[in-house]
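Colleague: Whenever a hint applies, use it, and build me the whole structure from the sequences.
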Amino acid sequence: MPRISTKTIHEAYKINPFLPLLLPECRTISQAKLELKWINQEFAKTAPDHYTLQKNIKKACIQRFHHIPLQYILKSQPFGSLNIKCQPCVLIPRWETEEWVMDLIQSIKNGKQSLESKNQISIVDLCTGSGCIALLLKRELSKILNSNLNVKAVDCSDSAIDLVNRNKLESSEDPIDIEVLKFDILQSNNIDSILSNQKIDILTCNPPYIPKSDFQRDVTKSVKLFEPKLALIGDKEFYSNLLEKWIPHINSFVYEVGNIDQVKFVKDYISNDNTLNKIWTVGSKYDSNKQCRVVYGYVNSPNSSSYDISKIFSNFGTVIHPSK
Amino acid sequence: MMVFRVNPFIPRLFQVSRLTARRFQSTLDASLVQLKELHPSLLQKAESYCDELDKLKKDMFDGNAFDVEQQKKYARFSTIADAFHEYKSQLDDYKGLNEMIKSDPALKDEASQELEQLIPLLNRSSSVLLDKLLPPHEFADKPCIIELRPGVGGIEAMIFAQDLLNMYIGYATSKKWKHEIISRNENESGSGIVDAILSINEPGAYDRMRLEVGVHRVQRVPATETKGRTHTSTAAVVVLPQLGNGSEREAEAYERTFKPDEIRIDVMRARGKGGQHVNTTDSAVRLTHFPSGIVISMQDERSQHKNKAKAFAILKSKLAEIERLEKEEKERSARKEQVSTTDRSDKIRTYNYPQNRITDHRCGLTLYALNEVITGERLDEVMDVVKAHDTDERSQRLLNEQPN
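Chains A and R, in that order, give the protein sequences.
The numbering used here applies: residue 1 is where the first sequence begins, and numbers increase by one.
The numbering used here applies: residue 1 is where the second sequence begins, and numbers increase by one.
It is possible that some hints are incorrect.
Stated by the list, open to error - Covered by chain R, per the in silico footprint, the following chain A stretches (three or more residues, Cβ under 8 Å): (1) 107–121; (2) 207–213; (3) 225–233; (4) 253–263; (5) 283–294.
Stated by the list, open to error - Counterexamples of contact, computed for chain A against chain R with all Cβ distances above 10 Å: (6) N56; (7) P78; (8) L181; (9) I191; (10) K199; (11) S222; (12) N241; (13) E244.
In short, the hints are calculated from the structure, not lab data.
Just so it is clear, the structure is predicted and the values come from calculations on it, not from any experiment.
Every residue gets a Cβ at the ideal spot worked out from N, C-alpha and C, and that includes glycine.
Modeller: Here it is as structure tokens:
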């Protein structure tokens, strides 16, 4: 990354003495000004007087200079219509995730007739972290669907579970009713407690997907230093966990990915399996930054029943493996 | 015990000599000239509205159900009828007083005094009636969005655009109207703005602000000038109607009314692998509408989602305004008339700091109170005159349409 020129630092200083502190993370003066405005807005809500406010802003700018993520400083990140609380040791929701979740909600809205014939819809979000995916799906879908909506959020980290429980109450005006479970899906073989004798309609997951070999090279400083490695480093283990353990119990899945290899891995596994390739359709979805972001799959309904999960994925992404 | 008191001075007033009465003649003539009488065809129109109102009333008595359209008509006609009756009764008074002066010269003195009081009232009620008679503006009851951009004049123009923004904020504050800055891009050096969008969330604000559209000109010695020369710079003001309440849900619904190839939404970041690898705070959104060529960039909110909603709200307003202007243009060309109405390219007002003067070029108003106007306190005075001028012009057009 190019060095910030002295001229830029001087210019920033002339506008506001705190601005140069924000430059290493923001890179441009206009972005630094925006961040300073957001910091100002956020702290102005709670500061008792001008002196404390200035002191807090200065402290925040110095923290930012040390590459601490803005969301940990302001303790929140907007996610769709929610304002998700953030705290260290839990991954910060990304705009890419927000994008595909919003698209998924839109797709479900368009194909809702095919879902509503079932009176109990079950959604499970694995590796939920802050709980952003589960909470947003529950909040938006309960406005759309007439069926009973059961959303479960699963994570193996204690701090994540704490944060999801906080976000249930604080991320929007009314509390959002989801079930939170502490569960290590890689270690434990017994997933019955999550299933509760019912097929899962949609399984979502934003697993750690940065291969250890790429971590030093590809990850930016702020993420590398301050976000939990537990939520970042991983390669194919969650995808093979999906294919080996979960696939008999689900009707569709939506997994976030970091690179095209992970999509290929899922696609190849299904197309090489003689039973799975007949009933499963696999697709991928790109984000607006033209990066491969999501792999998804769904079962084709065996008979002409009114429940048809494939309807909700008709415009979601591009199919790479049609069922045979 | 009640005492009935009679003013002993009253009879004396009737004993004005002929000589004094004649001296009042000239003043009376002067005030007669000031009277703005309405065109007979307009009065005819008002009378026809009253007739229709009577018909509607009859319908109501007969017990026929009213639908929304009729209710609206009824409300409009009854306000017209009220204004018309007031105007008529005052006009009758006026005629009666004139008669009195002619028939009984002894009463001239007192009658002329009364006339002097009556004429301003009559003028006011005639302008109220005129305003009511004109067809209401399409977006008259809507809140508005004001967009400001500097014109010629470099940094000085940016500072002036900032001054105008402050003026409208001050005006909205003095009216106790809810307002917020939707987006604001400052100049790199920190003085003045590159562009700004102010939304005033008051129903009817559009009708009040719509005549502010155009190029505003400033003449002053800029803060950046070292040799003390006066510069002339400009800033452009665009006023758009605000449609809907600007919520995210509504923006989503609106987004779906476009075909996918009509709009493009860009997020402005294209470096690296994204996802968990980076944690960007950049939430800027750029919305392009291909059929009209409108491009809207929005970056003020931390949430990309909210930025998108705001961009769509502005696109909606812009498209509605374009549609309205096209319609107006079509009507105008159908009438084949050349009316000097407000055009976006016209300079409409000059703010001259050395003379503390503000001049509106449309109605020719000059006010030596720039300091009070630029804070928004006395902007109302300027707007009132512009509005009256606009009403006059529109009524003129109405008369041309229906020659009697």
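Colleague: A separate judgement is required for each hint: does it hold in the structure or not?
Modeller: How the hints compare with the structure:
1. 107–121: violated (count 0)
2. 207–213: Answer holds; 3 residues pass the 8 Å Cβ test.
3. 225–233: holds (count 3)
4. 253–263: holds (count 3)
5. 283–294: With 6 residues close enough to chain R, the hint holds.
6. N56: Label holds. Min Cβ-Cβ 18 Å, cutoff 10 Å.
7. P78: Answer for P78 (chain A): violated, closest chain R Cβ roughly 3 Å.
8. L181: holds (23 Å)
9. I191: holds (25 Å)
10. K199: Nearest chain R Cβ is 29 Å from K199 (chain A), so the label holds.
11. S222: Non-interface label fails for S222 (chain A): nearest chain R Cβ at 6 Å, not farther than 10 Å.
12. N241: Non-interface label on N241 (chain A) holds, nearest chain R Cβ at 18 Å vs cutoff 10 Å.
13. E244: holds (23 Å)
Checked against the numbered hints given earlier, this structure breaks hints 1, 7 and 11; the rest are met.
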